[in-house]
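Novice: Chain A is already provided as a structure; the job is to place chains B and C on it using the hints.
Residue numbers (our numbering), protein chains in the order written: chain A, -14 to 252; chain B, 3 to 225; chain C, 26 to 464.
Hints are computed from structural coordinates only; laboratory data are not their basis. Where hints are given, some of them may not hold.
Quick list of in silico lysine to aspartate or glutamate cross-link-like pairs, EDC-like style, CA-CA up to 20 angstroms [as the list claims (entries may be wrong)]: (1) 76(A) / 363(C); (2) 276(C) / 214(B); (3) 276(C) / 208(B); (4) 344(C) / 88(A); (5) 446(C) / 307(C); (6) 104(C) / 162(C); (7) 104(C) / 440(C); (8) 250(A) / 195(A); (9) 130(B) / 60(A); (10) 76(A) / 358(C); (11) 79(A) / 270(C); (12) 318(C) / 195(A); (13) 220(A) / 195(A); (14) 130(B) / 55(A); (15) 344(C) / 69(A); (16) 344(C) / 60(A); (17) 344(C) / 81(A); (18) 250(A) / 395(C); (19) 220(A) / 52(A); (20) 206(C) / 208(B); (21) 130(B) / 240(A); (22) 273(C) / 219(B); (23) 245(C) / 270(C); (24) 79(A) / 90(A); (25) 273(C) / 224(C); (26) 79(A) / 363(C); (27) 206(C) / 190(B); (28) 297(C) / 193(B); (29) 245(C) / 307(C); (30) 276(C) / 190(B); (31) 318(C) / 55(A); (32) 297(C) / 190(B); (33) 76(A) / 395(C); (34) 220(A) / 224(C); (35) 344(C) / 111(B); (36) 220(A) / 395(C).
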Amino acid sequence: MYHAVSRFIFVPMVLSLTLVGYVNANSAVPVTDLGNAVTDESVTRVKVSAIAQPSPAVHNANAQLFDIIELLQQELQSLRGQVEELTFNLKRLKDDQKQRYLDLDRRIVSLTSQPVVEPTSPQEIVVTSDVNSNAAVNVSAAVADPEAEKAAYKAAFSLIRERQYEAAITALNSFVVAYPQGILVGNAHYWLGEVYMVEGDVAAAAAAFEIVIKDFPVHRKVPDALYKAGVAYQKTGDLSKANALLQRVLHEYPDSSAARLAQEKIQ
Amino acid sequence: MPVGNLSKVIASSVLVVFLAACSSTGETTDATSSTQAAQAAQAAQAAQAAADAAALAESQALEEVQAEAAAQAAAEATEQAAQEAAQQAADEAAAVAQELAQQQQQAQDAAQALAHVIYFDFDQSTIKAEFRTALNGHAAYLSQNPTAKIVLEGHADERGTREYNIALGERRGNAVSRYLVVQGVSVDAIEVVSFGEERPVNAGHDSASWAENRRVEIRYINY
Amino acid sequence: MIRINLIIRLLPRVLVTTLLSAVLATSVGANNLVIEITQGVDDPVPIAVVPFHWSGTKALKEDVAQIVDADLERSGQFKALKRSLMLSFPYQEADVYYRDWHYLATEYLVVGTVSASENGYQVDYQLFDVQRQVAIDGGRFLGGRNDLRALGHSVSDAVYEALTGLKGAFRTRVAYVAADKKVNPSYYKLLVADADGHDAKEILKSNQPIMSPSWSRDAKKLAYVSFETNRPAIYIQDITTGKRERIKSFKGINGAPAWSPDGNKLALVLSKDGNAEIYVLDLNTKRLTRVTKHYGIDTEPFWSVDGEHILFTSDRGGKPQIYQITLDTGWVERLTFEGDYNARGSLTHDGRFLVLVSRHDGRFHIAVQDLQRGTMSLLTQSNLDESPSVAPNGSMVMYSTQDGGRDILAAVSIDGKVKFKLPANEGVVREPAWSPYLN
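Excised from the complex, chain A in its bound form:
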């Protein structure tokens, strides 16, 4: 063991002698051959003690080099630590991101396979509005052109499916402004929330889901909005608010699929 250590020590020491030889010509310390030092340790040791003792400059240079190595090791360790932490955080973010995409994909797929929600035909819109009959009544009074509304919603929604999220956000926002009393405005707010989630803007997402919950209390998207808002608040770190929303799903919509998901998320 000691041989290993002494080898480790002597190599930098000889290096430092070399260094001094170059740096301070006046000291005229003989430049020792590195190869010799490594191949013949005992000889080197004699030389080193004979050479190193007389010159305080060499002591200091050696000590400095020793410090430098130690500093480099510490620096390397702290960089390693940072790399480990960055890798870990990156992985977590990636997993999170992937989870959000998968979640959105799943919702879109279920949506397209159950044309109930997506307004591809007038009948389906009627089905949707049946859930909220009051809204349907208002809609018939307020909305001048239900066909235009449907088309605008469909356009915005197709942007989501094409994963043009920023464009979708713009389109959905214009939609809710253009058709504030529209029969699909609840859905639009909900999907705004979903897209904000994917984009990582959890605060905006939470706000959008809250609109669904508050302004469309009997909308069929409410359980999902409650769940999603809960998840969003978890991500913002507001755990008490998150838990309250998730508990609401459990209590108010115990049989919904959102309730099952909420159960998993409650901490």
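Specialist: Showing chains B and C alone in chain A's frame:
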């Protein structure tokens, strides 16, 4: 024969060794390095261990005296004179040996007078500048006294886990060891033993006590 | 009807012989631990343990029901009914009047008898559900003359398992280090006591530090570090015979022994190659294999449940954190990312939770990291908490902490809800190591 002569002889012989060492590397020496070599020789002289130094001095002195005696015999051709000279030389050699022993004792006293405890910052094993003088003193003594041996006892404060602190204590011991080796001390003269947080000098639970406990103790097992 | 679910024959204790400086393992008054429950769950289950009936004439040395009572209360999950409140003292099913117990708001009832057997004692017990008015468990345990406490713990284990579904860990032991610097000569001792702190027995006494006790998987041997030669060395000692061997030691650190799950290997820390590294010693072939290789500190090995990984503390990332190495491939993965000091990791028996020492705001606490969720939570709020050791059933963690300026042992449940202290009656105690199941 004056004592000064003897030290010159020793100095020149060390110089020869030094020159030989230098020339073996294919390098030449100039005036500066000669001066350094002379300094080295003086340092080396002081470095003799008491017993070794006495014996060496005696034998060298005897040799020299014998040579002188032979010269005297050639010049004066009297055996009696030679014997007297030899007797005188032997007395001188004894005096020299005594003086060297005194020097050695002084060196040992000086080493003992140096700080024997090196303190560290929390979770650190960097040797602080304030301890370098003491360590340089130990290094000089150890490299001049090849039979001297030390144990470096590494310690940590009570914070953190026990086995980690054992490793931390050893890292501190190793830092001191490496510092000494860089100064020319043989690795064989040093042993590192870590006690971690197991043997505090201060049993308190505050930062002043902790600072006292984060240390390396230099313990001579042979001077 | 009594269901005999488990019969344990406890052999009379073999007279202990010692080698070298190992000291006779006799019961000692000093360093006994005393339990104080400091925190329990909000709604412990009310249970009544009726004094066990003893058919003999001479009074028994131990009150078995009292042992069961204390065990169940210590788990924090049960609240035992005071004897002074009991309306009757049944010891068999025919004498149990459920209404009485229901009136006392007791949910479960334990009754039993102690009788003399050929070589010692026989304990029979029954457990009743007061609400449903049925016997739900029962059994018989046999033991030697000195095994009454062990028999009591066996009853506690059975009752605990019947009611919680989790195997009890009351009939286990704890090894720990005691020291007293105030007495002259100052000493270091390695002791082994029952998990409730009773019957402390001295395993080793030295005037130099003793560290890092680690149990063999059969709970018969202890590996530990002793500085008795002024250098650290690892010893393996049989706790019943006192016989011990010193593992070949090297220059520098010889520390942190940890037994592999199969009992054939010992992970340990050596610095013979320059600095603290983890090695694995095959106890049969004596072959030594180096596991880690880094100029940073690698220490505190702990085997994964499957024996394929070793957890360890390393400061290769600048600050101590817990890493895991896969022995086959040498792949190293960092496990902890919260806080700047995480050390001395150990796993619960199911491998789900990582128990560790973690520094937060400059204070050292016991923490647990859920390895599935990745979340870490602090189990203790005191300072200088260290050496966590998990009970074999994963329910509790024993650790050492500071109390009134001295080291004491304490325990906390894995959910942090239950806490109790085990202060020694003299000196300081530290480094608890909870034994595996004894059989």
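Novice: Are the hints correct? Go through all of them and say.
Specialist: Tested hints:
Between the alpha carbons of residue 76(A) and residue 363(C) the distance comes to roughly 15 angstroms, so the proposed pair stays at or under 20 angstroms and holds. Taking the CA atoms of residue 276(C) and residue 214(B), the gap is near 26 angstroms; set against the 20 angstroms cutoff, the hint is violated. Between residue 276(C) and residue 208(B) the alpha-carbon distance is near 33 angstroms, which puts this suggested pair outside the 20 angstroms criterion. A C-alpha spacing of about 37 angstroms is found between residue 344(C) and residue 88(A), which places the hinted pair above 20 angstroms, so the restraint is violated.
Restraint check for residue 446(C) and residue 307(C): the C-alpha separation of about 37 angstroms exceeds 20 angstroms, so the hint is violated. Between residue 104(C) and residue 162(C) the alpha-carbon distance is near 19 angstroms, which keeps this suggested pair within the 20 angstroms criterion. Among the hinted pairs, residue 104(C) with residue 440(C) is consistent with the structure: their alpha-carbon atoms are about 18 angstroms apart, no more than 20 angstroms. Taken as a hint, the residue 250(A) and residue 195(A) pair is honoured in the structure, with Cα atoms around 18 angstroms apart against an allowance of 20 angstroms.
At most 20 angstroms may separate the alpha-carbon atoms for a hinted pair to count; residue 130(B) and residue 60(A) meet this at roughly 18 angstroms. With a CA separation close to 13 angstroms, the supplied pair residue 76(A) and residue 358(C) stays within the 20 angstroms bound. A C-alpha spacing of about 52 angstroms is found between residue 79(A) and residue 270(C), which places the hinted pair above 20 angstroms, so the restraint is violated. A C-alpha spacing of about 54 angstroms is found between residue 318(C) and residue 195(A), which places the hinted pair above 20 angstroms, so the restraint is violated.
A hinted pair counts as satisfied when its Cα atoms are at most 20 angstroms apart, and residue 220(A) with residue 195(A) qualifies at roughly 15 angstroms. Of the pairs offered as hints, the one joining residue 130(B) and residue 55(A) holds, with about 13 angstroms between alpha carbons and a cut-off of 20 angstroms not exceeded. Simply put, residue 344(C) and residue 69(A) have alpha-carbon atoms about 12 angstroms apart, close enough for the 20 angstroms limit, and the pair holds. A threshold of 20 angstroms between alpha carbons decides the hint, and for residue 344(C) with residue 60(A) the separation of about 12 angstroms falls inside it, so the pair holds.
A C-alpha spacing of about 27 angstroms is found between residue 344(C) and residue 81(A), which places the hinted pair above 20 angstroms, so the restraint is violated. About 15 angstroms separates the Cα atoms of residue 250(A) and residue 395(C), which keeps this hinted pair within 20 angstroms; it holds. Proximity of residue 220(A) to residue 52(A) is assessed by CA-CA distance (about 45 angstroms); at most 20 angstroms being required, the pair is judged violated. Between residue 206(C) and residue 208(B) the alpha-carbon distance is near 18 angstroms, which keeps this suggested pair within the 20 angstroms criterion.
A distance of roughly 68 angstroms separates the Cα atoms of residue 130(B) and residue 240(A); the hinted pair therefore is violated under the 20 angstroms criterion. With a C-alpha separation of about 26 angstroms, the suggested pairing of residue 273(C) with residue 219(B) is violated against the 20 angstroms cut-off. Proposed proximity of residue 245(C) and residue 270(C) is supported: the alpha carbons are some 14 angstroms apart, at most 20 angstroms. Proposed proximity of residue 79(A) and residue 90(A) is supported: the alpha carbons are some 16 angstroms apart, at most 20 angstroms.
The hinted pair formed by residue 273(C) and residue 224(C) fails the criterion: a straight-line CA distance of about 32 angstroms is larger than 20 angstroms. With a C-alpha separation of about 19 angstroms, the suggested pair residue 79(A) and residue 363(C) falls inside the 20 angstroms cut-off, and the hint holds. Straight-line distance between C-alpha atoms of residue 206(C) and residue 190(B) comes to about 34 angstroms, which puts the hinted pair past the 20 angstroms bound. With a C-alpha separation of about 12 angstroms, the suggested pair residue 297(C) and residue 193(B) falls inside the 20 angstroms cut-off, and the hint holds.
For the proposed pair residue 245(C) and residue 307(C), the alpha carbon gap of about 18 angstroms is at most 20 angstroms, so the pair holds. Restraint check for residue 276(C) and residue 190(B): the C-alpha separation of about 12 angstroms stays at or below 20 angstroms, so the hint holds. At most 20 angstroms may separate the alpha-carbon atoms for a hinted pair to count; residue 318(C) and residue 55(A) meet this at roughly 18 angstroms. Using a Cα cut-off of 20 angstroms, the hinted pair residue 297(C) and residue 190(B) holds, with the two alpha carbons roughly 15 angstroms apart.
Under the criterion of a C-alpha separation no larger than 20 angstroms, the hint pairing residue 76(A) with residue 395(C) is consistent with the structure, at around 18 angstroms. Distance restraint check for residue 220(A) and residue 224(C): the Cα-Cα separation of roughly 51 angstroms exceeds the 20 angstroms cut-off, and the hinted pair is therefore not satisfied. A C-alpha spacing of about 41 angstroms is found between residue 344(C) and residue 111(B), which places the hinted pair above 20 angstroms, so the restraint is violated. Our distance criterion of 20 angstroms between C-alpha atoms is met by residue 220(A) and residue 395(C), whose separation comes to about 19 angstroms.
The structure fails to meet hints 2, 3, 4, 5, 11, 12, 17, 19, 21, 22, 25, 27, 34 and 35 from the earlier list, while all remaining hints are met.
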